[in-house]
Amino acid sequence: MQDDSESGSPVGSSGVVLIADDDEPIAQALAYIVEECGGLPLVAAHGRQALELALTYHPALIITDLMMPQMTGAELMAALRADAAVGGYRPAAIVLMSAAGTQYMDSLGADAVLPKPFDLTDVEALIERFLPRAQREP
Amino acid sequence: MGATDNSGDPRGGSPAAPEPRDLTGVPHLDRILGGGLPRGSLVLVLGVPGSGKTTLAGQIAFTAARAGKRVLILTAFSESTSKLIAHLRAFSYFEPSLIGGVVQFLSLQSSLAEGLETAADAILSEARRVKAAVVVLDGFRGLDSLTGSARAARQFLFTVGTTLSALGATLLITAETDPRDPTFFPEATTADVILGMQYQLFGVRQHRGIEVIKARTSAPLPGLHAMTLSADGVSVYPQLEERIAADVLGSEAQTQGAAPGGAQSESALDPGPARAAFGLPELDTMLAGGIPRATCTLLVGSLGTGKTLMSLYFALAGVRNGEAVAYLGFRESQRQLRLAASAFEIGPALEKALRPGGSLTFLEVPPIKVNADILADRLLHLLDHTGARRLVIDSVAELERAILRSPDPQRLEDYLAALLIALRERGVTALMLKETDKAIAATLDFSADPLSVLAENVILLQQVPYAGELHRILAVLKLRFSGHDTTLREFRITSPAGLEVLEPGMSEHDVLAGITERQQQHAGHLQSGEEPRHSRNRPAQPKPSQPPLRPGSTDDAG
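Chains as they are written, first to last, in the working numbering: chain A, 1 to 138; chain B, 1 to 558.
Here are the in silico distance ranges between beta carbons for each label pair: (1) P25(A) to A67(B): 31 to 37 Å; (2) L167(B) to E36(A): 41 to 47 Å; (3) G68(B) to P132(A): 44 to 50 Å; (4) L55(A) to G223(B): 55 to 61 Å; (5) T386(B) to D111(A): 53 to 59 Å; (6) P117(A) to K131(B): 28 to 34 Å; (7) G101(B) to E128(A): 28 to 34 Å; (8) V86(A) to R151(B): 47 to 53 Å.
Stretch by stretch, here's where chain B covers chain A in the computed footprint (C-beta under 8 Å, at least three residues): (9) 23-32; (10) 91-102.
Calculated directly from the structure, the hints in this document are not laboratory data.
Quick reminder that beta carbons are idealized off the backbone N, C-alpha and C, glycines included.
Please model the entire structure based on the sequences and the hints provided.
Here is the structure:
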């Protein structure tokens, strides 16, 4: 993994992709795709765990489910953006996924939405878009 | 309200205070539950795979969400939340805009992996977080295999059920099991309501049913009720006899107002004219003006005698009289019926009555896989909706066949009796057509069956060969509450005039006398031989002043 900005912005520097979903098989499937694309996946089973992992590891991209125990994807997004605003850094790109209607998802202000069920190519395209090639493992 | 429910009212009201109930939104489910689900109750929905448990739970959840209540839907082991959402999305009750807002879907997989205690904590904490009024736990199957202990599962249900109840939340748990599996019951004792969903094959036919196995503090309709799964979700069709029995008891218990289900008390009915005429002058004279109102008449006869045509006269006489009329047709489509009538003078009147806004409503039911309870529900709904007070069923044999081919053919008499009560309660004068076995018989041939005993009136039509010709013969076998003309009559069907019942003098002079003579010999033969019941037959000369002719073995209790 490329590690060329240890002292700069905490975000966008690591190639780490945080995946948050209470459906474990879906989280594992996403982790597999991220690995295939050269990213480093981190998996959280609920929103609060995802927040802790995000604040610790500063992922370049967060793919989070909307409806999760303890903290929803929307609440997670709001908490991370608030932290970035206070810390003066650019927040990680957030992809919100759900089987809920896309109209509602669009209204939440994520960088992208991923309707469930999703295709492998949709996920690959999102990783391509949000995770710079330089940060990926060959 | 969990297992403490029977020790008083934990919500602070007096024990006599009515328990708050929430309607499920599932057609007729509230009825078989005895009035919806008690708020804060623990509801177990049990059934084999494919029986509709998840569909039902989702329907109840979305009904609550549409009413503004917060709903939490949890998946256990059976499927992921996205698969569950994809499953529910197929139904019309699903509302995408509610997802993520008042309806939250969460997976319990990770907490269940840590044991039932952790799972119970997770459920309660999430229910509090989203302020859920309804919690659905879908796919309970894995829980007992997880613990290997019914006691642990029971403890889990008790803890979650009682705590949610204290929060005022209703908990629905779907579990994959045979609803009548006694080994599951130790776990189920803590439930307030248990719904069993059946899904069985009889031959190649699929039968879906739903049963309220347990309903604490309410009076459910007992037994297995028909159920369908469609794009609208689950619909329940109560067993007609249970429904009518409850209505009758209900209206006896109530001292005022209409009985449940649209049935009205007799006093509330508009009696209208005392008789429902056919508009066939000679027949109406025989019937002393027509069929007594709010009774059932069995119009029985061999194939091709003109039963359907006669029933159209009955229907159109109602239309002319300004009445709404319903026609339940199994045998002919509306198009076939109009085509058949077009050969006769009544054709234009039928066309007019069947037009949109006309007063004749035709309910066309192909005689394929008829479910008698579903049909009864449709029929009663139609009568209530149109206010029809005349009804034709062509042929009631299809309804009987539906019962006789159902898993419980023993229901036939109760079903028919309930149907007749339901019609009578609505003030409906019903004409039910039915075929006899023989197309042509040398004598008038009629065997009593349950409906001929239950129906107040019986009219027999038959083609009888005499002197090298077929003659259409009519006899009023029974007319309860009323005297009637008991002579045999000949009737004709000609185009375009239609159906005409002849006065006795209009028949060829020896036809009726000859047939009566033959009937007498036939009865005498039977009397001396195999069927002693026929000793009641008293053949008569075809004159109005003579005693009644009673062909066959009618059981005339009138």
